[in-house]
Amino acid sequence: MDALTAFQILDYCGIAVFAATGALAASRKQLDIVGFLFFAVITGIGGGTFRDMLLDIPVFWVVQPVYVLVCIGIALLVYVFAHLLESRYKALLWLDALGLGAYTVVGASKGLIASGEPSIAIVTGVLTAVLGGIIRDMIAGEESVLMRDEVYVTASVAGALAFVLGQPLLPAGMAAYIGFAVGFLVRAGAIRYGWSLPRYKSRPGRKPEDIP
Amino acid sequence: MDALTAFQILDYCGIAVFAATGALAASRKQLDIVGFLFFAVITGIGGGTFRDMLLDIPVFWVVQPVYVLVCIGIALLVYVFAHLLESRYKALLWLDALGLGAYTVVGASKGLIASGEPSIAIVTGVLTAVLGGIIRDMIAGEESVLMRDEVYVTASVAGALAFVLGQPLLPAGMAAYIGFAVGFLVRAGAIRYGWSLPRYKSRPGRKPEDIP
Amino acid sequence: MDALTAFQILDYCGIAVFAATGALAASRKQLDIVGFLFFAVITGIGGGTFRDMLLDIPVFWVVQPVYVLVCIGIALLVYVFAHLLESRYKALLWLDALGLGAYTVVGASKGLIASGEPSIAIVTGVLTAVLGGIIRDMIAGEESVLMRDEVYVTASVAGALAFVLGQPLLPAGMAAYIGFAVGFLVRAGAIRYGWSLPRYKSRPGRKPEDIP
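Residue numbers (this note's numbering), protein chains in the order written: chain X, 4 to 215; chain R, 4 to 215; chain G, 4 to 215.
These are computed hints drawn from the structure, not numbers from a lab. Be aware that a few hints might be false.
Identical chains share a label here; the pair holds if one copy fits it or two copies do between them.
Stated by the list, open to error - Below are the DSS-like pairs computed for lysine-lysine, each with C-alpha atoms no more than 30 Å apart in a straight line: (1) K210 / K93; (2) K32 / K204; (3) K93 / K32.
Because the structure is a prediction, the values reported are computed rather than measured.
Using the sequences and the accompanying hints, generate a full structural model.
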């Protein structure tokens with residue numbers, strides 16, 4: 004199993020499915036075709052753009068424009084076929100879960116290469132995996148998926164941990180696929196069975212004006 | 004027609020009018036004078052800051068502080084004179100249209116110089132032209148201008164295409180002004196005549212809790 | 004008084020208290036333990052990450068992972084002890100004020116070293132001091148503290164001015180502590196006594212649909 008190939012597959016897979024979630028968000032908001040393209044591009048490349056700027060390496064799509072073309076192609080596909088879906092929101096959630104798993108591993112791997120520190124790798128993996136979705140939800144004006152009851156960031160942390168722990172023990176490609184699988188499956192359990200960690204037990208926050 | 008001068012004019016024009024839209028947003032929210040300064044600065048320099056970080060070139064206002072002073076001067080002018088406007092929202096829309104046209108060309112030009120790829124130039128032009136407005140609307144808690152019916156991103160795409168296509172055929176300054184004019188006029192048509200592309204035909208998105 | 008020590012103290016102090024405000028925001032939203040960690044990390048390192056990317060210097064926590072561990076430790080402390088607080092919102096406001104003062108000075112100092120320009124130093128100080136809080140409030144879906152009546156950005160501007168003006172006259176560590184004290188005390192006056200600058204006098208903004 005070739006490590007480079009594994010990371011490339013996960014990289015394209017992550018970008019494509021995040022782009023699809025961006026286009027699905029545009030579809031739910033009934034935007035025009037350019038709105039589909041815009042949301043697909045910013046969601047597809049958002050997390051990775053931040054990751055590369057953070058690690059001070061050249062931003063991947065500025066070096067390799069084909070990534071932008073992938074987002075554009077996906078946006079067109081979603082524009083044509085989204086009406087066939089029974090629930091675009093469920094499709095969005097499942098594709099987002101795939102992207103979360105894939106991007107966690109790609110982000111952790113690039114963080115590990117740039118810094119040599121497993122702890123940094125976990126943070127870059129998690130931040131870049133969740134950032135595209137945060138940007139998508141904020142611009143579309145939807146409540147962030149982070150604030151839902153189910154595990155989300157947790158799935159990314161689990162995937163990053165699996166990858167970072169597996170890295171010294173396994174062939175790199177194997178560690179990458181295992182990290183992806185762990186991240187995706189934890190999130191899949193959350194979507195399918197409502198997996199969640201216990202919420203903070205204390206009272207919810209009051210509104211500022213209700214505090215004496 | 005001197006190319007350097009054309010880009011410099013569009014650059015200052017874009018920053019000044021975006022700064023004015025930031026100050027107008029502060030005025031609509033009845034903030035204090037420092038709120039005017041803050042919104043003028045982040046809206047004026049926001050898109051270009053992101054553009055320069057993305058292309059890994061020195062951030063323009065860190066190198067050349069006069070840009071920040073331009074934003075501050077504009078904020079003071081708006082603070083003093085905004086009450087004379089019949090509709091600050093309309094003024095905001097029209098200035099935003101000028102900034103959109105100007106910043107599209109400046110962003111596309113810097114992207115073209117840094118990457119040599121016309122496709123990258125279009126993406127950097129569009130992203131950096133719309134980003135200042137996105138930041139302004141998100142922090143002010145207003146619905147993003149992106150989500151309105153009329154063309155907005157489309158105007159920027161049109162301007163970037165006109166600039167990139169005109170670049171090899173025309174003197175650079177001429178291509179810049181044409182790209183600016185196309186971007187501004189498409190957006191102006193949207194504001195004045197409600198130009199829009201057909202919206203996505205299918206049903207709007209349901210709320211997560213209504214999906215079985 | 005050692006300057007390096009002063010900046011390091013303010014740096015760790017700023018990160019720790021911002022991390023605590025992130026964890027308190029997570030507590031008010033009743034998130035799970037990973038939500039506490041996530042909000043603590045992004046609020047603690049958010050402003051400084053942007054500052055370092057802007058100045059094109061290595062991002063502090065990628066070089067020095069201990070900063071991330073500080074945020075994690077703080078998140079765990081808040082998770083265990085937040086229920087003892089009478090008002091988490093008030094604790095959040097006061098810690099945010101400490102972080103605002105500290106981060107203003109650290110941001111201004113790094114901006115001054117990188118650019119040599121006092122005007123740039125003020126902008127980097129203010130932007131990086133307020134950014135962590137903006138990100139925290141936007142992701143948590145709370146109204147930004149910037150939009151409240153009281154002075155907030157103003158406190159940061161005052162602290163940055165005090166530091167930049169004191170810098171050539173005083174030992175560096177002294178100027179740093181004075182800038183911190185001014186920023187914190189102005190914000191403290193706002194929280195305790197409702198200090199505010201006069202709001203813009205004209206009419207509030209109408210909704211787009213109400214404008215003829």
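Hint check results:
Taking the shortest alpha-carbon separations for K210 and K93, only the inter-copy value of 11 Å comes in at or below 30 Å, while the best intra-copy value is 32 Å. Only between protomers do K32 and K204 lie at most 30 Å apart by alpha-carbon distance; the minimum there is 11 Å, versus 35 Å within a single protomer. Taking the shortest Cα distances, K93 and K32 sit within 30 Å of each other both inside one copy (15 Å) and across copies (24 Å).
Violated hints are absent here; each numbered hint is respected by the structure.
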